[in-house]
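**Q** Those protein sequence lines, which keep their order, are chains A and B. Just so we're aligned, residue 15 is where the first sequence starts under this note's numbering, counting upward by one. Just so we're aligned, residue 15 is where the second sequence starts under this note's numbering, counting upward by one.
By construction, these hints were calculated from the structure, which means they are not laboratory data. Among the clues, some could well be false.
No copy labels: a pair is met if it fits in one copy or bridges any two.
[Claimed, not checked] List time: in silico EDC-like cross-link candidates among lysine to aspartate or glutamate, alpha-carbon distance up to 16 Å:
hint, residue 1, residue 2
1, Lys319, Glu35
2, Lys319, Asp223
3, Lys66, Glu160
4, Lys319, Asp283
5, Lys102, Asp155
Protein chains: 2
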Amino acid sequence: MSSYIAKSTRVRSTPFTNRIEEYGVQSYTVYNHMLLPASFKGLEEDYYHLKKNVQLWDVSVERQVQIKGPDASLLTQLMTCRDLSQAKDHVCYYAPITDDQGKILNDPLIMKVSSDTWWISISDTDVILYAKGLAIGQNLDVEITEPNVNPLAVQGPKSFELMKRIFGEEILNLKFFHFKKFNFEDHNFLIARSGWSKQGGFEIYVDDDQKGLELYDALYAKGKDLDVRPGCPNLIERIEGGLLSYGNDMNMNDTPLECGLDSFVSFNDEINYLGKSVLQKQKEKGVTRSLVGLKLQINEISLTKTLPVFYKGELIGDLRSACYSPQFQCCLGIAMINVSHHNFTEPLNLNINEQEITTEITSIPFTK
Amino acid sequence: MSSYIAKSTRVRSTPFTNRIEEYGVQSYTVYNHMLLPASFKGLEEDYYHLKKNVQLWDVSVERQVQIKGPDASLLTQLMTCRDLSQAKDHVCYYAPITDDQGKILNDPLIMKVSSDTWWISISDTDVILYAKGLAIGQNLDVEITEPNVNPLAVQGPKSFELMKRIFGEEILNLKFFHFKKFNFEDHNFLIARSGWSKQGGFEIYVDDDQKGLELYDALYAKGKDLDVRPGCPNLIERIEGGLLSYGNDMNMNDTPLECGLDSFVSFNDEINYLGKSVLQKQKEKGVTRSLVGLKLQINEISLTKTLPVFYKGELIGDLRSACYSPQFQCCLGIAMINVSHHNFTEPLNLNINEQEITTEITSIPFTK
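The shape of chain A in the complex, shown without the other chains (with noise of 0.2 Å):
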């Protein structure tokens, strides 16, 4: 069933709502008490457009929780598993969020945006709230806001095109996961080879209303040519892609470890943060369940909560988001599943939704 989405103020427009809705945005979520479009032309053709063209996504729900100060550093490290020690200011750190038990509170991208100031740029929990605890908690010298930053992607395989035609060659030398600030019409954007989607592309940290729909307007009217359209994060596309999504397939009562995040969880012994000591406990043993891929032998799937998954009748784990893939063809999940039902090599039957599913369990990102 279909409803619609109520407004308000506490769902927060963005600078980029009015041009979307001229655009015709056809489903909205809620993202950090913030409107986040869902679908424009449906799921399955917005997918399409993505893999081939570029697209302009307002991902301004990605909020910045900066952290300012003679400790700013001190704090930002003691809420990450990732060691940040060496952190460089112009790259993006993805670094999970945990609290003293090891369990993931967010997973954000960090960015050291000069000596003594931090952007978290957060996926959705008020993460603002938690650093703020801390802070007062531990009577740290810092300040903690959230600036009007409201991030614009600019995604898909012809980005790279658009982006120079914008900025300049100088654009696509920027590394992946790397930032830098550049230049329009007089105001210096500062940009990241990043994105949601596994397409190729850019995410420009919008600070400035005005400049930024005069640059996106300036992106839509250079792309006509590449069928440049508005867009959004995508579901069939980042679960194709493996791109865990914080709410969906992670939530407050898993650990890194179990989210398969061990390459972001460091052990290092110079390095303090909160819950080191039960992960490195967790590490030793061995996670219990952990997230996987599964291949669904159906050819419709639409989930709007967690499935208990049952195998031969035991509860072995729940499904937490899928799709049908395109280029699968067949339905792809991300699942959270006990670790003594992983390594079968032959197809199960997994009981989901009571529905007996032929079903191959693999690892994300799924491969052919």
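For chain A, the structure is supplied; the task is to place chain B on it using the hints.
**A** This is chain B only, laid out in the frame that chain A set:
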């Protein structure tokens, strides 16, 4: 322009989602990462029905942050400017959460559910992360969780009759903002006489999904002659009643004193909470701006973001919520306005959204 809501695991369903979808929910909003119905048959029709009959509201989004342990009282008091030192275990306390600058982070009801356990029944921010940060930072001996509790509100003038049919005469003795356990089919439900309307009613804190559904169905069945319907917090009714909404009327840049919540701000020497000294100073000096009601002489308004308010070309504040009120036969607004412009007794011409509007500035709640 109307857009659909995109559903996913991240935007959580509730135990009652299936029920309200069967009935035909028209629109949703998202609140605490969960679906909150926003209308069924349209704002006005829902409004008239609520004021005359009884509605079942799926307000599962009112999540509980449970704080339990030897330091639970200490932590809970630290977070709120309301004096909880004499809190009773059968009374709900409206208690703003503040940070060390006295800014308001949430405006929950707080309940002491047992000697060492508190429930913070939150509005739309992740108070659990603030509590975790503080507890970790101060090394407090508490356990902080979000229990599986999904409030179901029974609201409207006929709610008393309906609740009596299920729980017996005794429920009618429950005083406003008191709570107590009541039995239904061998399950004890914590029930408060409360709810986010001015039409009277109860909130049932459902801690067992299956029992909750049975109760839902029983309320529905026993209320047929009372024209019971699914409902939800109603924009018109709540503005007419002067119920403030966090995220709409108040946000992280305001203090409780600026929001007119003086009676919930304690300066009792015996208690210690975050932001107390800042609020003490603000109280002594007086606020420079505060929330007021506006009676706008227009027949229609719909807000999706705050609108700047001008008087004779000068920016004097911003309008945060507004609707047409059938009862007052004009539009009502809730706005943060500089106190220098509060005391006009004659109608003003305010410029809102590039429209000159004859306006009366008034107190909240509105009076005829």
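**Q** Compare the structure with each hint and give your call.
**A** Checked hints:
Taking CA atoms no more than 16 Å apart as the test, Lys319 paired with Glu35 passes between copies only; the shortest distance there is 15 Å, against 28 Å inside one copy. With identical chains, the CA atoms of Lys319 and Asp223 are at most 16 Å apart between copies only, with a shortest distance of 15 Å across copies and 36 Å within one. For the homomeric pair Lys66 and Glu160, neither the shortest alpha-carbon distance inside one copy (35 Å) nor that between copies (43 Å) is at most 16 Å. Taking identical chains as interchangeable, the C-alpha atoms of Lys319 and Asp283 are never at most 16 Å apart, the minima being 40 Å within one chain and 48 Å between chains.
Taking identical chains as interchangeable, the C-alpha atoms of Lys102 and Asp155 are never at most 16 Å apart, the minima being 22 Å within one chain and 37 Å between chains.
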